[in-house]
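Trainee: Please arrange chains B and C on chain A, whose structure you already have, making use of the hints.
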Amino acid sequence: MTRLLETRALTKRFGGANVINGIDFQIDTGEIRCVIGPNGAGKSTFFKLITGEHTPSDGSIHFLGRDMNRVLPHERIRMGMSIKFQIPGVFADLTVRQHLQLGLYRAKDVSSTSLDELLHRFMLEQEASVLACNLSHGKKQWLEIAMAVSLGPKLLFLDEPVAGMSVEETHATGELIKRLRDAGLTIMVVEHDMTFVKQIASRVSVLHGGRLFADGPLDEILGRDDVAEIYLGRKK
Amino acid sequence: MTALSLLYSLVYQFGDNFAYLVLAALGLAVIFGMMGVINLAHGEFIMCGAYVTIISARHGLPLPLAMLLGALAAAIAGIIIERLVIRHLYDRLFDSVVATWAISLIVQQTMLLVAGPSLEGIGTPFGSFSLGDYSFSTYRAVLPAIALGILLALYWLFFRTNYGVCARATIQNARMAQCLGLRTDRLYTLTFALGAGLAGLTGALYAPTMTVVPTMGSNFIVQAFVAVVVGGANVIAGTTPAAGILAIIQTGLTASYGQLFGQIGLLVTVIIVIRLMPQGLGNLFSRSR
Amino acid sequence: MKQLELVSRGARRKRATSLSLKFLPWLVALGLPLIVDSNASGNFAYCLVWAFGAIGLAAMWGYGGILSFGQTAFFGLSGYAYGIIALNFGDSWITSWGSLLAALVVSVAAATLIGYMIFYGRIKGVFIGIVTLSITLVLETFMSQTAGPQWAIGAAKLNGYNGMGGMPQLTIPWHGGPLTLENTSFYYFVLALLALVYWVTRKLLDGPFGLTLIAIRENPQRAEMLGVDIRRHQLLIFVFGSTLGGLSGVLYTIWGSYITPSTMGLTSAALPVIWVATAGRKSIGGAIIGTALLVWLSQNLAVYGSQYALILLGSILLIVVLLAPEGLLPYVITHLRRLATRPQSNAVPEPQTALKAGRGSKS
Chain A
1 MTRLLETRAL TKRFGGANVI NGIDFQIDTG EIRCVIGPNG AGKSTFFKLI
51 TGEHTPSDGS IHFLGRDMNR VLPHERIRMG MSIKFQIPGV FADLTVRQHL
101 QLGLYRAKDV SSTSLDELLH RFMLEQEASV LACNLSHGKK QWLEIAMAVS
151 LGPKLLFLDE PVAGMSVEET HATGELIKRL RDAGLTIMVV EHDMTFVKQI
201 ASRVSVLHGG RLFADGPLDE ILGRDDVAEI YLGRKK
Chain B
1 MTALSLLYSL VYQFGDNFAY LVLAALGLAV IFGMMGVINL AHGEFIMCGA
51 YVTIISARHG LPLPLAMLLG ALAAAIAGII IERLVIRHLY DRLFDSVVAT
101 WAISLIVQQT MLLVAGPSLE GIGTPFGSFS LGDYSFSTYR AVLPAIALGI
151 LLALYWLFFR TNYGVCARAT IQNARMAQCL GLRTDRLYTL TFALGAGLAG
201 LTGALYAPTM TVVPTMGSNF IVQAFVAVVV GGANVIAGTT PAAGILAIIQ
251 TGLTASYGQL FGQIGLLVTV IIVIRLMPQG LGNLFSRSR
Chain C
1 MKQLELVSRG ARRKRATSLS LKFLPWLVAL GLPLIVDSNA SGNFAYCLVW
51 AFGAIGLAAM WGYGGILSFG QTAFFGLSGY AYGIIALNFG DSWITSWGSL
101 LAALVVSVAA ATLIGYMIFY GRIKGVFIGI VTLSITLVLE TFMSQTAGPQ
151 WAIGAAKLNG YNGMGGMPQL TIPWHGGPLT LENTSFYYFV LALLALVYWV
201 TRKLLDGPFG LTLIAIRENP QRAEMLGVDI RRHQLLIFVF GSTLGGLSGV
251 LYTIWGSYIT PSTMGLTSAA LPVIWVATAG RKSIGGAIIG TALLVWLSQN
301 LAVYGSQYAL ILLGSILLIV VLLAPEGLLP YVITHLRRLA TRPQSNAVPE
351 PQTALKAGRG SKS
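Residue numbers (our numbering), protein chains in the order written: chain A, 1 to 236; chain B, 1 to 289; chain C, 1 to 363.
Careful, some of the hints might be misleading.
[What the hints assert, rightly or not] DMTMM-like cross-link-like pairs, simulated, lysine to aspartate or glutamate; straight-line CA separation at most 20 Å:
| id | chain 1 | residue 1 | chain 2 | residue 2 |
| --- | --- | --- | --- | --- |
| 1 | C | 282 | A | 93 |
| 2 | A | 108 | C | 229 |
| 3 | A | 178 | A | 168 |
| 4 | C | 124 | B | 95 |
| 5 | C | 282 | B | 95 |
| 6 | A | 48 | A | 6 |
| 7 | A | 108 | C | 206 |
| 8 | A | 48 | C | 229 |
| 9 | A | 140 | C | 218 |
Hint data in this document are derived by calculation from the structure and do not stem from the laboratory. The structure presented is a predicted model; accordingly, all values stated were derived computationally and were not measured.
Chain A on its own, in the form it takes in the complex (with noise of 0.2 Å):
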């Protein structure tokens, strides 16, 4: 069990407020950890932080022990982070092998059978030959995913992973990040789906106000009556 992220009192201020407010927050290997908390708690902004979209105002951020400070995006990515992104963002003139193989150039493992692996995995050996602009939604979302997973990451990030999904395309992800988990990766999703959230973390962190409020295992958390009540603006 290594400790594979670390922020310490990260802080990030736009103009005059502090959306993100002195986290202190760790993830070890091995783990699914979600991050849940109401809209605008400063989710979206936590993760742009740790890839490097925005720098921090104050704090810094430890990946695999080394300080991201100046690191670029594209140099994280090549250390070992991967990112999902909430909004499906494909390359509408390529096809789904072809996503793929982008990965895998990356991470310099061009064979054919890691292409077939992936495929099957996700379930997308039917679609291999499509474009990205025609896939329903639910599998737009598996090729994102994908993707992430073909750079052969140590940490993943999923955000808001099953968006827009069915009942039974939430379920199937969800066993398909614990399969993930079992192959070895550590994943951080953000996610609003509580059935979702309960199928597969291992612990749940709370963030609030830009602060990180709870942070524990999944059945602790979700016994509290305050984490309710900063859902629900009342007691459970």
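Mentor: Only chains B and C this time, still in chain A's reference frame:
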């Protein structure tokens, strides 16, 4: 006396360059700032205004009326082109650059075929005056004032009329504007016509001072481009200071090294500004855009 | 069962057609000098000379999404470089080839500098076009005023508007004295070079580099999050494409022993864009054929007056932009394909449904 006349000569040069830059740029700035379209046929609208002015003046129309007719002709041409070509390309702005370039090429070469390499012009009105060793054209000395007048009129149009409010709403959020019942397609046509008409007016104003040729648009368009890129998308708060600064650079370089180095100086400024301030000067001077 | 047979027969027919389509132009080009006289071969060589810059622009624009108006700048830069070096260092066969290489190096260096400023300076989209156009115009303006006698580099007078001429052509050692490459021999040289460049470009763009370029073009943020160093890729394709523009310039200068600033003017800068946009910027082979044809067409029209050629080109460009924005060749090919599959319409499914059923093959 000679120091004074030398000083005035520099001021005159500055004013001349400033007026040229502002007038060349306005039509382009309106269309780019309001619609994001880079109209590479801008020079041809200028040419249209100039030709119509000269031809109508030679047929006996008093000069001010001939100029208005020139501007109007360009505006009508603008309406036609917007309806036929531009409106299909609002979602493909890259392609609108290419399309307007094609139109420019076609119009220029057709004019060369139809009207011949040049047109006999009309003399510059108002004659000249002299200060010390230098003599200046009265007309061109007055042009900067006319340019400022047009700028003020535009300001009034954008900030004090109904059209102005609707146009600015449409730029900022076209979809919302439509939901509020604004006829955005008509606004775009009107705005394009305004830009074309302004270009025509520029051509009309400069027609008495130069030999009118079918390729005259190319001279204006480089200056126009430079001013619009440096000024940014904001028509008034951007183009005006941009023209001022560029006129200083151009006057200085021309005085020291000659006309062509003045041109080069402008182009180099564009490159530097794009590199350092991609949004142009307008961003510095206005609150939002 | 019968449906599958028909499908695979249709697919095989398609593959045969596309293979023969690929080799046909090269065969035609090889055989051309056999049926026309040497002067005509020289003219065909002239048409081919422009294809290199077109390949470069197609690679930059069609794959990388970078619309550079600077092809003519590198054209002029390398053209003048060849002239200056060749005029100064004599005309033995070694130095003629050396001058060619040196002129290309000039383009590589300039493109690296300019590209670095553009891409590492985060200049994007239309502004890349504006900056490259400005550079082209600066070069044209500058070279235009080099008419005075003080404007000379060694033995090479720059000559301003009038242009620089008299530089030696390419020669190869031959028993009985060096052989000048001109007319037919020059044509074959250019053709061979074109084939080489085409092969290199295909290899480059069909592999991981080309795939990455397309990804950068379609969704740069996503590409960056796949670990792609966007600026490095853009710089590389820019240097590659621009140097090809320079190659066109050198070959043009060699062909006519002449180079002038007007090759870097506003109208000239439009021409590569017109050719590539018309032919279809996503196809390298299409860019070659389209450019050669359009140049040939313009040459023939120019006999009546250069205005007609330009009006025609402008009109073609306008029609292409409005009706066939991907280019004329792709438009024609798509329609031919539709016509070809129609007679079997009850057996071969429509492209959309074929894709959805996972049986389509488009990659």
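Trainee: None of the hints should be skipped; say for each whether it holds.
Mentor: So, going through the hints one by one against the coordinates:
Distance hint between residue 282(C) and residue 93(A) is fulfilled; the C-alpha atoms sit about 11 Å from each other, no more than 20 Å. For the given pair, residue 108(A) sits about 15 Å from residue 229(C) by alpha-carbon distance, which is consistent with the 20 Å threshold. A distance of roughly 16 Å separates the Cα atoms of residue 178(A) and residue 168(A); the hinted pair therefore holds under the 20 Å criterion. A distance of roughly 16 Å separates the Cα atoms of residue 124(C) and residue 95(B); the hinted pair therefore holds under the 20 Å criterion.
Restraint check: the Cα-Cα separation between residue 282(C) and residue 95(B) comes to about 15 Å, which is no more than 20 Å; the hinted pair holds. The suggested pairing of residue 48(A) with residue 6(A) holds, with an alpha-carbon distance near 15 Å, which does not exceed 20 Å. Between residue 108(A) and residue 206(C) the CA atoms are separated by roughly 17 Å; this keeps the pair inside 20 Å, and the hint holds. Restraint check for residue 48(A) and residue 229(C): satisfied, since their Cα atoms lie roughly 18 Å apart, inside the 20 Å limit.
Pair hint residue 140(A) plus residue 218(C) holds up; C-alpha atoms about 16 Å apart against a cutoff of 20 Å.
The earlier numbered hints are all upheld by this structure, with none contradicted.
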